[in-house]
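Student: The chain contents come next:
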Amino acid sequence: MKKTVLFGALTVAGLAAGMASAATLDDVKARGSLNCGVTTGLVGFASPDANGVWDGFDVGVCRAVAAAIFGDPTAVEFVPTTGKTRFTALASGEIDMLARNTTWTFSRDIDLKFEFTGVNYYDGQGFLVPKDLGVSSAKDLDGATVCIQTGTTTELNLADFFRSNNISYDPVPIETNAEGQQQYLAGACDVYTTDASGLAATRASFENPNDHVLLPEIISKEPLGPLVRHGDNDWGDVVRWTLNALITAEELGVTSANVADLAAAPTDNPEVNRLLGTEGELGAMLGLEADWAKNAIAAGGNYGELFEKNIGENTPIGLARGLNAQWTEGGLIYSPPFR
Amino acid sequence: MTSITDPQQGSFRLSMLINDTRYRSYTFQAIAFVVLALCIGFVVNNLFTNLAAQGLDISFDFLGVPAGYDINQRLIEYTSQSTNLRATMVGILNTLLVAVLACATATVFGVLAGVLRLSNNWLVSKLMAFYVEIFRNIPVLIWILIIYGIMTISLPGARPYLGENPDREMLFGMFAFTNRGVNAPAPVFDPLGWVVLAIFVLSVVGMFLYRRYAKQLLYKTGRLLPMGWPSVLIVFVPAILAFFVLGQPITLDIPDTMANRFNIKGGFQIGAPLIAIWFALSIYTGAFIAENVRAGIQAVSKGQTEAAAALGIRPGRIMSLVVLPQALRVIIPPLISNYLNITKNSSLAILVGYADVTATLGGITLNQTGRAIECVLLLMLFYLVISLLISGLINIYNNAIKLKER
Numbered sequence: 006m007k008k009t010v011l012f013g014a015l016t017v018a019g020l021a022a023g024m025a026s027a028a029t030l031d032d033v034k035a036r037g038s039l040n041c042g043v044t045t046g047l048v049g050f051a052s053p054d055a056n057g058v059w060d061g062f063d064v065g066v067c068r069a070v071a072a073a074i075f076g077d078p079t080a081v082e083f084v085p086t087t088g089k090t091r092f093t094a095l096a097s098g099e100i101d102m103l104a105r106n107t108t109w110t111f112s113r114d115i116d117l118k119f120e121f122t123g124v125n126y127y128d129g130q131g132f133l134v135p136k137d138l139g140v141s142s143a144k145d146l147d148g149a150t151v152c153i154q155t156g157t158t159t160e161l162n163l164a165d166f167f168r169s170n171n172i173s174y175d176p177v178p179i180e181t182n183a184e185g186q187q188q189y190l191a192g193a194c195d196v197y198t199t200d201a202s203g204l205a206a207t208r209a210s211f212e213n214p215n216d217h218v219l220l221p222e223i224i225s226k227e228p229l230g231p232l233v234r235h236g237d238n239d240w241g242d243v244v245r246w247t248l249n250a251l252i253t254a255e256e257l258g259v260t261s262a263n264v265a266d267l268a269a270a271p272t273d274n275p276e277v278n279r280l281l282g283t284e285g286e287l288g289a290m291l292g293l294e295a296d297w298a299k300n301a302i303a304a305g306g307n308y309g310e311l312f313e314k315n316i317g318e319n320t321p322i323g324l325a326r327g328l329n330a331q332w333t334e335g336g337l338i339y340s341p342p343f344r
Numbered sequence: 065m066t067s068i069t070d071p072q073q074g075s076f077r078l079s080m081l082i083n084d085t086r087y088r089s090y091t092f093q094a095i096a097f098v099v100l101a102l103c104i105g106f107v108v109n110n111l112f113t114n115l116a117a118q119g120l121d122i123s124f125d126f127l128g129v130p131a132g133y134d135i136n137q138r139l140i141e142y143t144s145q146s147t148n149l150r151a152t153m154v155g156i157l158n159t160l161l162v163a164v165l166a167c168a169t170a171t172v173f174g175v176l177a178g179v180l181r182l183s184n185n186w187l188v189s190k191l192m193a194f195y196v197e198i199f200r201n202i203p204v205l206i207w208i209l210i211i212y213g214i215m216t217i218s219l220p221g222a223r224p225y226l227g228e229n230p231d232r233e234m235l236f237g238m239f240a241f242t243n244r245g246v247n248a249p250a251p252v253f254d255p256l257g258w259v260v261l262a263i264f265v266l267s268v269v270g271m272f273l274y275r276r277y278a279k280q281l282l283y284k285t286g287r288l289l290p291m292g293w294p295s296v297l298i299v300f301v302p303a304i305l306a307f308f309v310l311g312q313p314i315t316l317d318i319p320d321t322m323a324n325r326f327n328i329k330g331g332f333q334i335g336a337p338l339i340a341i342w343f344a345l346s347i348y349t350g351a352f353i354a355e356n357v358r359a360g361i362q363a364v365s366k367g368q369t370e371a372a373a374a375l376g377i378r379p380g381r382i383m384s385l386v387v388l389p390q391a392l393r394v395i396i397p398p399l400i401s402n403y404l405n406i407t408k409n410s411s412l413a414i415l416v417g418y419a420d421v422t423a424t425l426g427g428i429t430l431n432q433t434g435r436a437i438e439c440v441l442l443l444m445l446f447y448l449v450i451s452l453l454i455s456g457l458i459n460i461y462n463n464a465i466k467l468k469e470r
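Each protein sequence line maps, in turn, to chains A and B. Using my numbering, the letters of the first sequence map in sequence onto residues 6 to 344. Using my numbering, the letters of the second sequence map in sequence onto residues 65 to 470.
Treat the hints with care, since some could be wrong.
Quick list of simulated restraints, FRET-style, between CB atoms [said to hold, decoys possible]:
id	chain 1	residue 1	chain 2	residue 2	range
1	B	GLY213	A	GLY46	15 to 25 Å
2	A	GLU212	B	GLY213	12 to 22 Å
3	A	LYS144	B	GLY330	19 to 29 Å
4	A	GLU82	B	LEU102	27 to 37 Å
5	A	GLY57	B	PHE97	27 to 37 Å
6	A	GLY46	B	ILE198	46 to 56 Å
7	A	GLU212	B	LEU453	44 to 54 Å
8	B	TRP293	A	LYS144	53 to 63 Å
9	B	LEU160	A	ASP116	28 to 38 Å
10	A	GLN187	B	MET444	26 to 36 Å
11	B	PRO220	A	ALA35	33 to 43 Å
Keep in mind the hints are simulated off the structure, nothing from the lab. Heads up, the beta-carbon is just placed ideally off N, CA and C, and yes, glycines get one too.
Chain B on its own, in the form it takes in the complex:
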């Protein structure tokens, strides 16, 4: 005897698409899909009709043609005879450079401000609240203009530093701050200098190995090795010894104020546009990250702190070993969107004359070739790919630290 029978397999009727709950959702999805496809088709069709009416076509041949313009900030070799594709690469690298720099500093600003805003010191916490509120409530475009404007007006030009009797001396004889950028000494490596650098890198690796060993020892036996001074010793002593033993093979290329009458030459130069956009993006996004950090820390229940204190853990260690690891689970997901914002906001760099990809491909190349649709399509593709990559990478990290449910 069976009380439950299979539902009758009635023949499929067209009206079931609407009336039967099993099929209804598919019907609406199909309709939505068709409407969406029609809309896109209309836009694309419109585009091609209009292009044809104006006698234009879609072609990416311009990428192989010499660009004809110069770029001030470049990480790879580029002249005005290089192709538009090369100019685009220069722009992409510049975008990535400012995005990476700004993400790093924004995180530092954000974590500092977020932690300090929870400080028991009234002045410190109010100062941080002031920073957060003023920076996140004014558009980043305005901050970029303000910061660049202040740099341009308040810093001197390059000329006061130049010549036999300069009006201004370089700081320590090697640093110059002008409204064109910062000039600093650059290290010059002899062949043996690279050996010193290699030793230094190895020392850093060694330092981490030591710390890992010390940690394992602590977990295994409970014996706590000193961490601070051995780390410093491991990092610096071998490199410094090698530097002198090998006969000081690393020298400094100090900026030269006598090279010509226009600019300081030589040394290491960071252009004012890069500094302005970097600083503006960091300080602006830092305010958002500060709020994420505060939210993350406050999400960790007070009992955790008190329990840790009851175990006799020192306040600094409570923060770094108990609170922050748990807070990170709350902080990381919104951090991704802040990193994405930095990357996308870096497209405002043209405001200060920084040659990011929007300025080269989407600005000068677009203008000089008139290939607006192609350039904008490439730009969209670039920002999409780079945003998905960042998002993917941080999600991997997020998966590694999130609460493990077993």
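Bound conformation, chain A alone:
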């Protein structure tokens, strides 16, 4: 009899642990906050400010998702993750979504059982070198010592690039961006390589940013985007369409400034109406309130606003839109229609 109870308890516990990954949206709603994995600190993308409040481009995506679910952009617990810990954190359910300049690759999508919910930044791997080294091309780097963040796709791209150009290098593996910056500035490595956006952000935090140059070569495709666990499509949809809502909002001219007015009453543009919930049932289909997209946009602005505010040309990071312009402006940022 007692044995039966024990085995019964074991089975239930095992099943409960197994089921924990399903129905993330319900878990998040029950918890009252979103657990969002971000970097340990990369200025412009995700870093805590002087008051300890997280801010940045990736943080903006987390806040938009939280706003879409709760109507409150501050209902987020930010979990700093390193390149090594991020996937374990997501797979184990410690975080609900990961918005941490993570490259969408085949093996991460298929083999690691994750689901990328879109691309919020089209990036590529670049090289940062001191200007006085007089290097003008990455192909001149034969024999250089290269600082590289371990556990990233950049590590593999780097090996491939040097191998295919038949030149050699010494890798110095480092754990975090801050450590890489320290090693690079102390001259322990000649070159620092990671995603070009990350390099721009890192350079912006240097004392003399102009003493360092980004080499022209971009040696890889790095589509960065938020991701969730495989197998919970409803939750994946929430994150995917929140990102799409931000992108569509920019395309349709909906900004954080005018979103309240546009959502107050149906406008002449039916797609704006569907997006903002004044027409149709899109929010309910997602399992959210009708004004989910309005809240998401009001949280930090549309995609373009987030970009300009955190990493755009008027910030110290100074990234041009480039590939990340709307498709109507010759970029790759493109959302499926809200219909």
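The hints should help you fit chain B onto chain A, whose structure is shown.
Tutor: Same frame as chain A, now just chain B:
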């Protein structure tokens, strides 16, 4: 007439499992075993249930797939096209390298500090006490970071040494100390150079043979042969003679500062990460070994020293012939756990970018393949095997020197 009868062989009843002292301990052991097995079974079952729920499986196929990343410090041939298994081997060898180096230097530091702490010189003993207390009371992780940080910041990069008019000259024209590591000249052996090396090795063997002969002679006849200068003579004279007779077949490969604009090339290079982790582990564990050594020496009763002195043995010989052999019996067992600590603490090497097995298998391979459970299981297996081996080897040594009770 018998006053003692065999206890009655009563039939076995179930209640005896609890009430009878003969069986009670078995009962509790069996219960404990079942509970333990259930706990392990629960954890394993949980693991497989969760893996199945996420559509994952346990597979070691990734070991045969090309690793795709490069490793800076390697003792065997390795490229980014080598397999993950090869990368793991590189890591294992690097772990063993730093463990062996650090065990050796930690022992030297420890014995020196332990003996000197008992010195009658106030300054020396207080200095050693300061060393022991400050190093063993701050976590090794922090020491590793401090030492690597100091190396990175205080030493120059490689660039000042490079080019036509370098800002810095190499020491003696052949040694360069940068925050990337130490460059030193490397010997290059011609075919005849190996002959010289062989002669040198033979001379070292000969030196030991001579010393053994001298010792036997001393025990047999009481005649003491000189030890110091003949040893030096035996080791160096034949090798030096051979070197010149064979036409200087060993040359030096001096580090080249003109090879390219990034790094000093050629010669013998020891990377900064290896130096940092090696030094940090040695100096940290050395503090613990120093205390073991002090405890061992103080465990030898003062009467032994006094008796030896009364026999007219010189102070240096009292230490090496009377005190230390007895102290070793106390020192060796805790020394084993210090060696094990070094080996296990070497897994912190990734902090300074040293590619030990935790960094390759448990770091990059784990990350790039996402096979966390498999990699961690392999890591556990490796550290377990290596720790048991070290423990076993030193226990053999301990058995050889421990007090023989006959």
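Student: Indicate whether the distance between the beta carbons of GLU212/A and LEU453/B respects the range 44 to 54 Å.
Tutor: 50 Å, holds
Student: Note whether the CB distance of GLU82/A and LEU102/B lies within 27 to 37 Å or breaks it.
Tutor: 35 Å, holds
Student: Does the Cβ distance between LEU160/B and ASP116/A fall inside 28 to 38 Å?
Tutor: Because 31 Å falls inside the window, the suggested range holds.
Student: Kindly confirm whether 15 to 25 Å is satisfied by the beta carbon distance between GLY213/B and GLY46/A.
Tutor: 18 Å, holds
Student: Please test the hint of 26 to 36 Å on the beta carbon pair from GLN187/A and MET444/B.
Tutor: Between GLN187/A and MET444/B, where Cβ atoms are some 32 Å apart, the hint holds.
Student: The hint says 53 to 63 Å between TRP293/B and LYS144/A; measuring C-beta to C-beta, is that right?
Tutor: 60 Å, holds
Student: How does the Cβ-Cβ distance of PRO220/B and ALA35/A compare with 33 to 43 Å: does it lie in that range?
Tutor: 57 Å, violated
Student: Given the range 12 to 22 Å, decide if the beta-carbon distance of GLU212/A to GLY213/B lies inside it.
Tutor: Distance hint for GLU212/A, GLY213/B holds at roughly 18 Å.
Student: How does the Cβ-Cβ distance of GLY57/A and PHE97/B compare with 27 to 37 Å: does it lie in that range?
Tutor: 50 Å, violated
Student: Go ahead and decide if the range 19 to 29 Å is satisfied by the Cβ distance of LYS144/A to GLY330/B.
Tutor: 23 Å, holds
Student: Could you say whether the range 46 to 56 Å given as a hint is met by the Cβ separation of GLY46/A and ILE198/B?
Tutor: 31 Å, violated
Hint compliance for this structure: hints 5, 6, 11 are not met, and every other hint is.
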